[in-house]
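Colleague: The lines below spell out each chain.
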Amino acid sequence: MSTANPTCREIEPDLVALAAAEASAAATRRVEMHLAECAECRTELTRYRAIEGMMAGLRQAPAPGGDPTLARAELESRLADLRSRLVRFGVFESALGPILIGATEQGVSVVEYLASSRAASAKLARAHAESVEDRPRIQGLFRELAEYLEGRRTRLDWPLDLRLSGSDFQRRVLEATSALPFGAVRSYAGIAREIGAPRASRAVAQALRHNPLPIVVPCHRVVGSEGDLVGYAGRKLSLKQRLLSLEGLRVGGHGEALHVDRNAVYYCHLQDTEYCLPTCGSIGDKPLTDFTLYGSRARAEAVGLAPCTSCRPDLHPLPA
Amino acid sequence: MADQAFEAVVAMHHAEIYRYLARVTRRPSDVDDLCQETFLRAYRAHAALPPGSNVRAWLFTIATNLCRNHWRSEARRRRAQEAMTYRAEREDSAGPEGEAVVEQANGRLADIVAMLPLKQRLAFTMRKIHELDYNAIGQSLECSGESARAHVFQALRKIRRGLGELAIAPIGTGDRET
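So the protein lines, in turn, are chains V and R.
Quick note on our numbering: the first sequence kicks off at 1 and runs consecutively.
Quick note on our numbering: the second sequence kicks off at 321 and runs consecutively.
One chain only, chain V, in its complex shape:
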């Protein structure tokens, strides 16, 4: 190829394409016409074809350096680790506003009320979780949650992944709270006693303040020692009221001073197997923290409690 000859320069892309067997019919004709007159470019074509030949050789050759088998084994173990940690999440519009649901391979690991649907990634980043949006995979969970919020379902039997949930103490609190049945409330002090830390009711409240799984771990069923609602998900006390009402518990008061109506619930003392009217003589002046409170007889009986044989809530039920 003569670099001085403009035709040779112009023909070079076509010539390269021809060497790579990529040239169009028109380009091939152009090159052939030029080659008939230009010995230098004939040599060039041979050289370019030789380079193509070298590349064909390299395609067969093993990759330089490194060991792909070893790298693959290393990758598989990293993938297994990632697979178990990766939080797949979706953001959905619920009756309570935008809500984030995230789950790992082991179970549901995060539920968050969001200020806006764009806040999701930031929330997850703060929790130091590897996360990826995967709405289709979470859709089924959300459907169940929606049914729950519409009152068409009373349980969310989801496997939980509590690995993101701080300390061992917090996990114990969350597990005890999970055991609270639909339509029942208990106090922070009651939960504290149940996990064997009777003086830790403040720590229990703190642990539930950072509940990673609201609704699923029903921290809304845990109230103050006098039945006051205390707090919920930051400043969302009205959501706590809505969730409790959904479960048939009457909530009185207004603004920030809400409380479970102590005269409109059935009482069950500690590990007792019977439930009583609020006026039952057996209650006496025992502290409210000793009781689990039920919004209806149906809810108490759903967990296997029998009506008290002295106050007879079955004969004199509370007004609905």
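Since no wrong hints were added, every one of them can be taken at face value.
Each pair of labels, with its calculated beta carbon distance range:
1) 167(V) - 348(R): 38 to 48 Å
2) 46(V) - 419(R): 15 to 25 Å
3) 39(V) - 353(R): 48 to 58 Å
4) 70(V) - 368(R): 22 to 32 Å
5) 419(R) - 78(V): 33 to 43 Å
6) 168(V) - 328(R): 37 to 47 Å
Chain V side only, calculated, beta carbon under 7 Å to chain R, not exhaustive:
7) 13
8) 50
9) 54
10) 59
11) 68
Honestly, the hints are just simulated from the structure, not real lab data.
Think of the CB as a built atom: it goes at the ideal place given N, C-alpha and C, for glycine as much as any other residue.
The hints should help you fit chain R onto chain V, whose structure is shown.
Modeller: Coordinates of chain R only, in the frame set by chain V:
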């Protein structure tokens, strides 16, 4: 279900992506890291990939992006060039006889490829080693298929100039004129 599908993706494409990265980076430790990162990213994004996508081209895109980010670090580029200069000197001292000529030609080719601007090197490797089509290459490099073709052409021109008389088809491979 989706995890099984991803295992199949690894099984099918890991070796090739590894080769690609080995060709374009030339530092074994970088290759291991980049290849692993490619597949970890792919795993995270796999769920969002529309069904029927070209998984192979998609993996090349991820690997290519990682390479380009990686090479933005000047220090790395310098180290790699030092490594390469050393190599070039060593190979030039070999006598150009018989198979040694082929070896020398391949060594020179590798050196020229290593000196190519990154986009040309990536485009060239995707086209000439992995035989991806120009549109897939364009996608990886965020340019048109035509630009991808131009990158490959520029690479070939430089290789041709750089090889000089060494551009001879190795024995037993390639198509020679009859």
